[in-house]
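Undergrad: Sequence:
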Amino acid sequence: MYVCLCVGVTNHTVSEIVARGASTSREVAAACGAGGDCGRCRRTLRAIIAASANLETAPSV
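Residue 5 in the numbering used here sits at position 5 of the sequence shown, with consecutive numbering throughout.
In case anyone wonders, no lab produced these hints; they're calculated from the structure. Incorrect hints may appear among the rest.
Claimed, not checked - Label pairs and their computed distance ranges (CB to CB):
hint	residue 1	residue 2	range
1	Met1	Asp37	13 to 23 Å
2	Thr57	Cys6	12 to 22 Å
3	Gly8	Thr57	14 to 24 Å
4	Leu55	Met1	13 to 23 Å
5	Arg20	Ala47	13 to 23 Å
6	Ala51	Arg26	10 to 20 Å
Glycine residues also receive a C-beta, built at the ideal position from the N, C-alpha and C atoms.
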């Protein structure tokens, strides 16, 4: 799914960038451009970052 239509960035791309260490929407924007133009996707970027953080802190079963 496209997250940022301004530069054509998908949720897969954003997830990869977050997995490599980006922890803010600014860091994601610096890496791929998403969120750096109009900013309408920043809420979605923050949700992807938060979901990734929740997965990292979830206890293993």
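Undergrad: Hint by hint, note whether the structure agrees.
TA: We went through each hint and held it up to the structure:
{"no.": "1", "hint": "Met1 / Asp37: 13 to 23 Å", "in the structure": "18 Å, holds"}
{"no.": "2", "hint": "Thr57 / Cys6: 12 to 22 Å", "in the structure": "31 Å, violated"}
{"no.": "3", "hint": "Gly8 / Thr57: 14 to 24 Å", "in the structure": "31 Å, violated"}
{"no.": "4", "hint": "Leu55 / Met1: 13 to 23 Å", "in the structure": "18 Å, holds"}
{"no.": "5", "hint": "Arg20 / Ala47: 13 to 23 Å", "in the structure": "18 Å, holds"}
{"no.": "6", "hint": "Ala51 / Arg26: 10 to 20 Å", "in the structure": "18 Å, holds"}
The structure is inconsistent with the numbered hints 2, 3, although it conforms to all the rest.
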